[in-house]
Amino acid sequence: MALYSEHTGKKPLKYARNTVIIIVLLLFAIATIFPIYFMIISSFGDPVEAGAMNYTLFPTKISLESYKFFFDYSEYSLRWLLNSLIVASIVTVSNVVFASMAGYAFSKLRFKGRSVLFAILLVAMMIPYQVTQVPLYILIVNIFEIQNTYPALILPGIVTVYNIFLSKQFMSSIPGEILECAKIEGCNQFQIYLSIILPLSKTVLAVMAILTFMDSWNTFFWPLLVTNTMDMQTIQVGLKNFRFANTTYFAPMMAGATISALPMFILFFSLQKYFLRGVTVGAVKG
Amino acid sequence: MTQIAKPIKRRRIKGDGGAGYAFIAVALVIFALFTAYPVLSAFIISFQKYMPLGSKFIGFDNYINSFKDPLFWKAIRNTIVYTVLTVPVALFISLAVALLILPLKKKLQTTFKAIYYLPAVASGVALSVVWLWIFDPMPSGIFNQLLGFFGIDNVNWLGATSTSMFSLVLMSWLSSHGTSIIIYLAALLGIDDSYYEAAELDGASFLKKLWYIVIPCLKPTTLFLLVTGVIGSFQVFQNAYLMTGGGPDNATTMVGLLIFNNAFKYFEFGKAAAQSLILAFIIGGISLIQFKFLGKDVEY
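Chains as they are written, first to last, in this note's numbering: chain C, 1 to 286; chain E, 287 to 586.
Keep in mind the hints are simulated off the structure, nothing from the lab. This structure is a prediction, so every number in the text was calculated from the model and none was measured. Please note that the accuracy of each hint is not assured.
Dumping the calculated DSS-like pairs for lysine-lysine here, alpha-carbon to alpha-carbon at most 25 Å [unchecked claim]:
| # | chain 1 | residue 1 | chain 2 | residue 2 |
| --- | --- | --- | --- | --- |
| 1 | E | K391 | C | K14 |
| 2 | E | K335 | E | K360 |
| 3 | C | K11 | E | K392 |
| 4 | E | K495 | C | K11 |
| 5 | C | K11 | E | K391 |
Simulated restraints on C-beta separations [as the list claims (entries may be wrong)]:
| # | chain 1 | residue 1 | chain 2 | residue 2 | range |
| --- | --- | --- | --- | --- | --- |
| 6 | C | I23 | E | L326 | 53 to 63 Å |
| 7 | E | D439 | C | A119 | 52 to 62 Å |
| 8 | C | T229 | E | D478 | 36 to 46 Å |
| 9 | C | L82 | E | K342 | 52 to 62 Å |
| 10 | C | I22 | E | F553 | 47 to 57 Å |
| 11 | E | L339 | C | L262 | 24 to 34 Å |
| 12 | E | V375 | C | I184 | 50 to 60 Å |
| 13 | C | L262 | E | L580 | 56 to 66 Å |
Computed footprint of chain C on chain E, listed as stretches where at least three residues anywhere in the stretch have a Cβ under 8 Å from a Cβ of chain C [what the hints assert, rightly or not]:
| # | stretch |
| --- | --- |
| 14 | 311-317 |
| 15 | 366-373 |
| 16 | 376-388 |
| 17 | 415-422 |
| 18 | 437-451 |
| 19 | 486-497 |
We put the CB at the ideal spot given by N, CA and C, even for glycine.
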């Protein structure tokens, strides 16, 4: 008994129905995947000018020349990847640590101003990022004068409200009795956090880590603003330089795009479960 | 951290005062510095002609000038057009796909979820590079090749005022809906079977069940996706910036891009701050209206 009737006794009908459904879903899947497929296939082409090449939907030969071209194009190509890795890793670790600490405090500790502070955080989540962007830029560039440094890239993302919200929601469901027990056994708050809260929250911490890493890796706007030399750019910003400098070189552009997306694809395929779970955390009740 | 904790102890607040503040200390400092302060600062800057050394207070001029600026209105119009054309379609596609995935076996469900979500993990910059070539104005561009099959002349997709906005909309339609599909599917799986059982006893057809059970049960999810979709769409910046740069003739200049240009191209920080606050009010207003009209019987 569900939305779809079970067609008991009419197996062929059920098979026919499912076949039709799968075909429709596959067609939509092809449309969804097409840009990525096209990107990867084209990246194996020769690095010739766009006018001289013909685009094919199926690879006729596989050459890594365009990848070589991408890394030779700028002495910083590798550095961009490294910068992205450094920034995304630090942002991820600090978010997991500080957001989980804050989440624990907001869900399980009583202190004055707790609900007011949390309400302020929630309201801040609804403010469009454009509002903070200009003052944040002024703060980093004119007041702290740290533009074009790692701290400028990292600091604003050290803890995000969304992650605090996520961990608070999750930790609220941890029964308080366990914590009471630990307290009676003589644990202090930090021990409780470390040996009870963190192990019980592994899932949400993993989800948080992955989503934060992905966000940070893919972010384009902020690094664009605060970097002004090639050596400090992240891969997303570097890719943009590349695009405008070489609009006629098609295959190397696709190689660059593939390289910028590849780490996320690898992470996605190895940690798919957490990615897909992450989507529903905070969006669906229960 | 102990400095914050001490006075609390003296006031003898029940509970875990000290520990509580210690645990949120870093988060709070970062929030105060990089979110709360910038928001307050945006208010102040919006009333100034901002200059690095000594800004000038000019009252509501930034707001008044924005409202007088035809480009600002055009950007708002563009943003609304883009939102109206993309968000409802995205909701419809996601729901349709989620409904199709629903009867499949668990394994197939996961496979399709993964396929549909995959583009969301690729960066917007990488995808925009690909889409630029799909929209390539030369006859070799993929869409133009496709049109060529039907004997239609090639179109300057992103370069002509008549098609540039539509191209961005098309890109959004064909882009990843993975997130909303997964959210809808989770909501569909959460609907209690007893509703369907009762309906089947009354002899309800598939469509009747869809209309009287599924749609009402999904209302909170739809509202959530609608509100977040509209909020996201109003802040759209990256696609317009990377694909068209707002052109041609500002046909694709969205509010987000206009604010970016005012701030970081013309260094009119005051004007940009004023416009960003107007944007915040518009977004707040729309969210409120959505909750009021659609959220009557939705509890959150």
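Consistency of the hints with the structure:
Between K391(E) and K14(C), the direct Cα distance comes to roughly 13 Å. Compliance with the 25 Å bound is thereby established for this hinted pair. Using a Cα cut-off of 25 Å, the hinted pair K335(E) and K360(E) holds, with the two alpha carbons roughly 24 Å apart. Proposed proximity of K11(C) and K392(E) is supported: the alpha carbons are some 19 Å apart, at most 25 Å. About 22 Å separates the Cα atoms of K495(E) and K11(C), which keeps this hinted pair within 25 Å; it holds.
Between the alpha carbons of K11(C) and K391(E) the distance comes to roughly 15 Å, so the proposed pair stays at or under 25 Å and holds. Checked against the hint of 53 to 63 Å, the pair I23(C) and L326(E) passes, with Cβ atoms roughly 56 Å apart. The supplied range of 52 to 62 Å is met by D439(E) and A119(C), whose beta-carbon atoms lie about 58 Å from each other. Hint check: T229(C) to D478(E), Cβ distance near 59 Å, so the stated range 36 to 46 Å is violated.
The given range of 52 to 62 Å is broken by L82(C) and K342(E), whose C-beta atoms sit roughly 43 Å from each other. In this structure the hint that I22(C) and F553(E) lie 47 to 57 Å apart at CB holds, the actual value being about 55 Å. Range check, L339(E) to L262(C): about 45 Å between beta-carbon atoms, so the 24 to 34 Å window is missed. Our hint of 50 to 60 Å for V375(E) and I184(C) holds, since their Cβ atoms are close to 57 Å apart.
About 41 Å separates the C-beta atoms of L262(C) and L580(E), a value inconsistent with the hinted range of 56 to 66 Å. Only residues whose C-beta sits within less than 8 Å of a C-beta in chain C count toward coverage, and the stretch 311-317 of chain E has 5 of them, enough to reach three; the restraint holds. By the rule of at least three residues with a Cβ nearer than 8 Å to a Cβ of chain C, the coverage given for the stretch 366-373 of chain E is violated, with 0 such residues. Check on the stretch 376-388 of chain E: 5 of its residues sit with their Cβ under 8 Å from a Cβ of chain C, so the three-residue criterion for coverage holds.
Residues of the stretch 415-422 of chain E lying with their CB closer than 8 Å to a CB of chain C number 6, which satisfies the three-residue condition for coverage. Remark: the stretch 437-451 of chain E is not confirmed as covered by chain C, as 0 of its residues place a Cβ nearer than 8 Å to a Cβ of that chain, below the required three. Coverage of a stretch by a chain is defined here by at least three residues with a beta carbon nearer than 8 Å to that chain's beta carbons; for the stretch 486-497 of chain E and chain C the count is 4, and the condition holds.
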